[in-house]
Amino acid sequence: MENILLQIPSNTAVISALTKSQLIFTSFWFWASLIEFIVIILLIIKLKKRKSNLSFAELTKDKIKSSKDLHIDMDNLMNSIGGSKDLYKELSRLCHPDKFINKPEQKIAEEIFQEISRHKRNYEKLALLRERAKSELNINFKN
Amino acid sequence: MWYKIIVIADWFGEMAERNKLVRDFNKAAKNAFIAGISPTLLETKITLGESAFRHAFSKFLGGGFRIKALSGRPMEKSELIEVGKVVLDNEELVRKLISLGWDTLEVHDSQGFRGCK
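Residue numbers (our numbering), protein chains in the order written: chain A, 1 to 143; chain B, 1001 to 1117.
Hints are computed from structural coordinates only; laboratory data are not their basis. Just so it is clear, the structure is predicted and the values come from calculations on it, not from any experiment. Cβ atoms here follow ideal geometry from the backbone N, Cα and C, with glycine treated the same way. It cannot be assumed that every hint is accurate.
[Claimed, not checked] Computed from the model, here is a short list of chain A residues facing chain B with C-beta under 10 Å:
id : residue
1  : Ile-72
2  : Asp-75
3  : Gly-83
4  : Lys-120
5  : Asn-122
[To be verified] Lysine-lysine pairs mimicking PhoX-like chemistry, simulated, CA-CA at most 25 Å apart:
id : chain 1 : residue 1 : chain 2 : residue 2
6  : B       : Lys-1030  : A       : Lys-125
7  : B       : Lys-1085  : A       : Lys-120
8  : B       : Lys-1077  : A       : Lys-120
9  : B       : Lys-1068  : A       : Lys-85
10 : B       : Lys-1117  : A       : Lys-120
11 : B       : Lys-1117  : B       : Lys-1020
12 : A       : Lys-85    : B       : Lys-1085
Work out the full structure: start from the sequences and follow the hints.
As structure tokens, then:
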């Protein structure tokens, strides 16, 4: 190759570039490194897939740190201590499914009553259910 | 050495978080009482706790979360239990209490030594 390059001095730059590129593609090490690179990428993809299948994959470090700043709604807690009992009594009395037997609202009433029983001591949830009962069951509350 | 410094920093951080929770509770209770939402003034304190309820994360000599109800009249046992049940029904708060080293929830009356654990 060097002999040829010496014989044609005017086109040396073009020919040397061509030979270099040809050398790269024909060399064994180029193909070996390319295959190795592809294998590494495939392994990384596989590892990431496996990680995402883990149940704790969603637990990142940032999320754990932010859990420290988890705000507990103390006002709701105080409301629950003070008023959830009365609200529950009122709601369970007015939204009881037995009041809606053979009516189109029976299913909704059953659903709302189940929710009321589940959130018996959560004032915020009970207040939302009260609004829902007002709109969907057309119940008139005193307050 | 760095490990020890991190451990000490964590310990202080946790203590600050415990105190913050107690402070937040007391503040909310005071506001609720002033606004007339709650009929009783509640106050929380960190106490020794009950050794029978100890768990792996319990704080030594600080496992009790006492809620004292300053109602001005002797409260019935059912009322005390109701306050305790409302606190225990709040899942987020219970998880936080356990993770911060509390193991016993005490609800006390303002008079005498009557209370529930």
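Here is what the structure says about each hint:
no.	hint	result
1	Ile-72	holds (5 Å)
2	Asp-75	holds (6 Å)
3	Gly-83	holds (7 Å)
4	Lys-120	holds (7 Å)
5	Asn-122	holds (7 Å)
6	B:Lys-1030 to A:Lys-125	holds (23 Å)
7	B:Lys-1085 to A:Lys-120	holds (10 Å)
8	B:Lys-1077 to A:Lys-120	holds (19 Å)
9	B:Lys-1068 to A:Lys-85	holds (20 Å)
10	B:Lys-1117 to A:Lys-120	holds (21 Å)
11	B:Lys-1117 to B:Lys-1020	holds (23 Å)
12	A:Lys-85 to B:Lys-1085	holds (11 Å)
Violated hints for the displayed structure: none, as all numbered hints are satisfied.
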